[in-house]
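**Q** Okay, here's what each chain looks like letter by letter:
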Amino acid sequence: MDNEKDILEVRNLQVNFKTYAGDVKAIRNVSFDLRKGETLAIVGESGSGKSVTTRTIMGLNASNADITSGSIVYKGQDLLKKSEKEMQAIRGQDIAEIFQDPMTSLDPTMKIGRQIAEPLMVHKGMKKEKALAQALEMMKLVGITDAENRINDYPHQFSGGMRQRIVIAIALINYPEVLIADEPTTALDVTIQSQILHLMKELQDKISTSIIFITHDLGVVAGMADRVAVMYAGKIVEYGTVDEIFYNPKHPYTWGLLSSMPTLDSSGDSLPSIPGTPPDLLDPPTGDAFAARNAYALKIDTEQEPPFFKVSDTHYAATWLLHPDAPKVTPPAQIVERQEKYATMQKAWLKTQQSTTPVEEEEEQQ
Amino acid sequence: MDYENAEKILEVKHLKQYFNVGKADEVRAVDDISFDIYKGETFGLVGESGSGKTTTGRAIIHLYEPTSGEILFDGKNVDSFTSKKDQRDFRQEMQMIFQDPYASLNPRMKVKDIVAEGIDINHLAKDDADRTKQVEDLLETVGLNKDHSSRYPHEFSGGQRQRIGIARALAVNPKFVIADEPISALDVSIQAQVVNLMKQLQREQGLTYLFIAHDLSMVKYISDRIGVMHYGRMLEIADADEIYAHPLHDYTKSLLSAVPVPDPEFERTREEIAYDGSQENDGKERHLVEIAPRHWVRAAKDEIFLYKQRAQEASLIKE
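Top line first, the protein sequences correspond to chains A and B. Here this note's numbering is used: the first residue of the first sequence is 1, the next is one more, and so on. Here this note's numbering is used: the first residue of the second sequence is 367, the next is one more, and so on.
It is worth saying that the hints were derived from the structure and are not from the lab. This one's a predicted model, so the numbers in the text were calculated from it and none came from an experiment. A portion of the hints provided could be inaccurate.
[As the list claims (entries may be wrong)] Label pairs and their computed distance ranges (CB to CB):
no., chain 1, residue 1, chain 2, residue 2, range
1, A, A326, B, S550, 34 to 42 Å
2, B, E570, A, I207, 39 to 47 Å
3, B, F385, A, Q339, 47 to 55 Å
4, A, M110, B, D494, 52 to 60 Å
[Said to hold, decoys possible] Quick look at which bits of chain B chain A covers, simulated, 3 or more residues with Cβ under 8 Å:
no., stretch
5, 549-562
6, 576-589
7, 620-626
Don't be surprised by glycine CBs; every beta carbon is placed ideally from N, CA and C.
Hey, can you work out the whole structure from these sequences and the hints?
**A** Structure below.
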């Protein structure tokens with residue numbers, strides 16, 4: 001492992017889907033790490049490959065998926081080399097998933113207590129009574145009111161928010177090392193959403209699980225993530241800490257995403273929008289896949305794919321604009337505002353550093 | 367907007383829409399709401415799922431018989447048109463854009479026939495050539511191209527389909543468009559495109575919108591005034607900027623405090639306000655009361671003072 005803090009390392013992953021029309025190149029060379037206890041958010045539009053990435057980690061891809069290269073190393077073992085049987089032992093035990101739609105991801109014919117207890121009985125060979133007792137504890141932990149009386153209820157007797165709590169309880173019952181949350185709150189109202197997000201953070205502190213959080217809602221990302229990876233057309237185009245991505249983004253696609261979302265204080269006649277639609281991944285364009293929609297595209301963008309340029313130790317972006325020879329461009333107004341805010345934040349941070357450093361030196365001298 | 371001289375296009379008066387009336391599972395989806403919409407404005411309707419916002423929209427376009435109450439469009443009651451012509455005019459003047467661009471277009475019809483259906487029904491085209499020209503103009507208006515007219519819906523992306531849905535609504539030259547969550551099925555980068563298009567069309571054609579959505583930041587962006595619904599009731603109506611800056615009702619405060627903001631620093635310090643819905647069911651009689659100029663809050667007689675005080679603190683009214 002490159003970094004002992006890493007719990008999951010995805011390297012050079014490529015996934016194609018075989019269709020009648022040809023191979024859809026859904027994931028095109030994706031690499032990232034997940035560190036112990038952190039929340040990594042993957043953001044992007046539908047079709048950008050974020051869900052395929054996590055389904056590949058879970059070994060749950062459709063049968064026409066073809067993993068042409070790459071590795072997914074979890075605790076020193078490559079998950080892509082595991083048999084289906086070995087993956088079954090890992091899924092729901094070491095790596096668990098909270099699915100998007102609480103209305104369809106529960107079994108409507110099974111009592112919820114039994115559904116929450118099932119992973120214990122399957123993975124730990126626990127007896128039913130003991131497993132149900134633990135399921136009850138978990139129900140209380142995720143905040144299902146009157147758990148004792150509701151353990152024998154069926155999913156349809158619960159509201160959407162409560163059902164998503166049940167889905168979370170199932171995912172967490174074995175205290176997984178890695179939790180994948182694929183748009184876990186997209187189907188919920190804002191007030192319920194904020195309850196569920198609070199709950200996830202609280203539980204993460206309690207059982208120190210690492211979370212891969214997939215969403216297209218940048219507001220949710222700002223509140224949940226430690227680090228963010230932005231995906232476009234099957235690739236990660238920028239990644240960094242949550243502050244770096246929101247306050248100092250470098251990729252024009254990230255600029256577009258951040259400025260096309262109205263905040264509660266936007267006004268004016270039109271929202272900045274990203275023109276056009278994402279490319280067809282049956283035949284991805286040469287060069288930068290975002291070039292056709294990019295107002296800042298350079299000539300080289302249509303010819304050669306940009307490599308990752310380093311912005312800081314934790315922040316990388318794949319855009320030719322970061323090349324030393326590239327012309328200097330001014331990002332959209334909203335982004336400049338964000339950068340200014342970042343600059344003031346950093347100054348304030350440096351000040352606290354300067355005031356604390358001498359103290360540390362003194363301590364060392366003593 | 368100039369509300370002093372604004373003309374009302376729609377008046378909703380004490381609208382009640384109950385389902386399963388008289389049975390054990392009676393649902394009061396919309397429970398005595400009243401509001402007006404002025405010509406040329408965008409009225410945003412927000413609330414959680416189950417708050418009755420979609421039912422309100424459907425009742426206005428008369429997809430339901432209201433349990434009680436009146437809906438006046440251009441001064442005429444939509445439930446009791448006296449002539450066939452009034453009814454036809456109403457169907458033409460009020461149109462709807464639907465939430466799901468995948469389900470709301472017939473997959474077996476070509477785009478030109480989908481868009482022209484209203485033109486055909488209302489006999490708005492002189493001949494075939496005129497029909498084709500109208501369809502092509504409409505497609506151009508919504509940012510598609512005329513070659514698209516002989517294709518089928520499955521050949522389009524979600525954003526493009528929503529544009530087809532908008533073209534269909536515009537085909538019969540409506541005055542009033544109900545947009546029920548028109549962008550919630552679309553990707554972030556496409557949402558902005560569709561919202562911009564809707565705003566542009568409003569400017570060009572003087573449309574009035576009822577914009578129903580749960581995405582509060584988008585609603586604020588597009589709306590002139592906003593109504594907040596909860597449990598089938600209208601709790602607060604005010605100008606978009608004012609209701610976001612100075613919400614007076616506790617529920618509005620709670621709803622706004624739950625909106626995630628794409629700013630990590632803000633998120634780290636965000637404080638949420640909880641709302642206890644049971645306070646509405648204490649048996650007191652409540653009505654919308656104009657607390658500050660054009661800022662209405664649902665209040666009982668003894669609560670008016672409290673809201674007036676809040677409005678004073680926010681300097682919406684003088685002492």
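**Q** Each hint: holds or not?
**A** Going through the hints against the structure:
| no. | hint | in the structure |
| --- | --- | --- |
| 1 | A:A326 / B:S550: 34 to 42 Å | 38 Å, holds |
| 2 | B:E570 / A:I207: 39 to 47 Å | 56 Å, violated |
| 3 | B:F385 / A:Q339: 47 to 55 Å | 52 Å, holds |
| 4 | A:M110 / B:D494: 52 to 60 Å | 58 Å, holds |
| 5 | 549-562 | holds (count 9) |
| 6 | 576-589 | holds (count 6) |
| 7 | 620-626 | holds (count 6) |
Violated hints amount to a single one, hint 2; each of the other numbered hints is respected by the structure.
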